[in-house]
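Given the coordinates of chain A, work out where chains B and C should sit on it, guided by the hints.
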Amino acid sequence: MMGYFDSLADFIAMGGHGLYVWLSYALGAGVFLFNLLSPRLIRKRLVTEHKRRLRREQA
Amino acid sequence: MWQTLVRWFHKWTSPKWFYTLSKPLSFWLGWAATLLLVTALVWGLMFAPIERLQGNSYRIIFLHVPAAFLSQAIYAAIAVMGLIGLVWRIKLSFYAAKQCIPVGISMAVLALATGAIWGKPTWGTWWEWDARLTSMLVLLLLYLGLWALHNAMERPESGDRAAAILALVGVVNLPIIKFSVEWWNTLHQPATLKITEPPPMHPMMLTPLLLSILGFFLATAAWVLIRTRLEILERERKANWAREELNQMGKVE
Amino acid sequence: MTMTAILARVLRRELQLAYRRRADLVNPLLFFLIVVTLFPIGVTPDLDKLAEMAAGVLWVAALLANLLSLDLLFRSDFEDGSLEQLLLASTPPTLLVLCKVIAHWLVTGLPLTLLSPVLSVMLALPAGAVPLLMLTLALGTLTLSLIGGVGAALTVGLRKGGLLLTVLIMPMFVPVIIFGTAAVQAAGDGLPWAGQLALLAAMALGALVLTPLATVAALRIAVGD
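Residue numbers (numbering that gives the first Met the number 0), protein chains in the order written: chain A, 0 to 58; chain B, 0 to 252; chain C, 0 to 224.
There's no promise every hint is true.
[Stated by the list, open to error] Partial pick of chain B residues on the chain C-facing surface, computed with a CB cut under 7 Å:
| # | residue |
| --- | --- |
| 1 | L140 |
| 2 | G144 |
| 3 | A147 |
| 4 | R160 |
| 5 | I164 |
| 6 | V168 |
| 7 | N172 |
| 8 | I175 |
| 9 | W183 |
[Claimed, not checked] Footprint (simulated), chain B over chain C, 3 or more residues, beta carbon under 8 Å:
| # | region |
| --- | --- |
| 10 | 47 to 55 |
| 11 | 174 to 181 |
Hints are computed from structural coordinates only; laboratory data are not their basis.
Where is the CB? At the ideal position from N, CA and C, for every residue including glycine.
With the rest of the complex left out, here is chain A (with noise of 0.2 Å):
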């Protein structure tokens, strides 16, 4: 059962466009991939940044 298509290889291939739509896809995957990794980037820097801080007012 693939919907539209008749096998995987079919799916894979998009009638001659797989490049392209995968090539879309694959993007879009990445994009989102860093709307979801990019905040854990800042939380990870905003408590070391805080971290340091502490160890300066303890100094």
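Only chains B and C this time, still in chain A's reference frame:
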């Protein structure tokens, strides 16, 4: 009634309240977006019928159109939040406007890149000076200017206000830019096959497209909420509650 | 003193200041000349091909020359503190800012416009299009100075504001360039150009009304710091 409304508004515009109240909101928005996007993209890739003129390459539409729509909507939202911040001096509005910028940039980049990729099978080149692509490029430049201005300012408070003014000037300009680019484009090349404009769409194509737009919208809302919370923590770090929260975050790691 | 007298005095002061550093005023013109010289060298000396690009090259070069000089619009006022007085004055600051921008146009946009016929010969622009080139450049550079004024105000407090100003303001010039070059090209091809010119004039008027507000708001940020 009015009194409760005002009180409710004040609560939401206080960074501390927003910080706590937006947590469950972004969680549920994120999951709703995931559900919608998985449905829309699987539908669009596997079950939507083929397009008569463009073949399977049209399936890029399920990413390209939502990204293009969101990138414009986010820019407008930045201008509105900037105005709110300037007029009513609401810090939270500035924080959210600032954190909209990277999300908007990512959407504009996706719209441009997918547009270019779609152009290859349609026009035979990776880049065509098509009206939509050109105005999307100008929008990306406007976004990058906003981000550069934020980064150039030494005091984040002046960065907030400067960026708000720039976004307002930009949002007034944007319709003029779109109109002029459209006009310029028809002047230089008579109508070719346009991407994103297949003849009246089949419901099996239109439904996943609308679902995808909604999914992108909810995902953007979730990302902006999460980013705004982090911006609050950074900017309000001298407040006791924010210190406490940062302490907690440090312990968990 | 009446309002007009004050504004006339501001304008005169600006022009006097500009005259005192007249060496700086030559730079945009030199820049304009050099860019227009480099184009045939870099692309082709074939006059037919140059004639096709002439309108665009002259416009882009004039725009860049104008942008380069914008950085200085508020800088000296910011450094010697007269900017604060300008914002506190009893005369509406929007009008004072408008005066400054118009003075800037008189010493950069207008000379660029007056130089353009000479350069248009070098690029083989059809002679019939030259009056329109001057008219559109005069209108266009005024719009550029007005919009650029917002950018100059936003970046006045920054040490390396010049490049940032260009990045912020350039995308907003797209409509001006499109209609400016289109009018000149249409005139060169013997096509109607009144519509493009009207749009250019409308943009200049819109900028005349709206940009001083944004410029003053931006200057307040710079002074507040």
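**Q.** Structure versus earlier hints, numbers of those that do not hold, lowest first
**A.** Of the numbered hints, just 10 does not hold.
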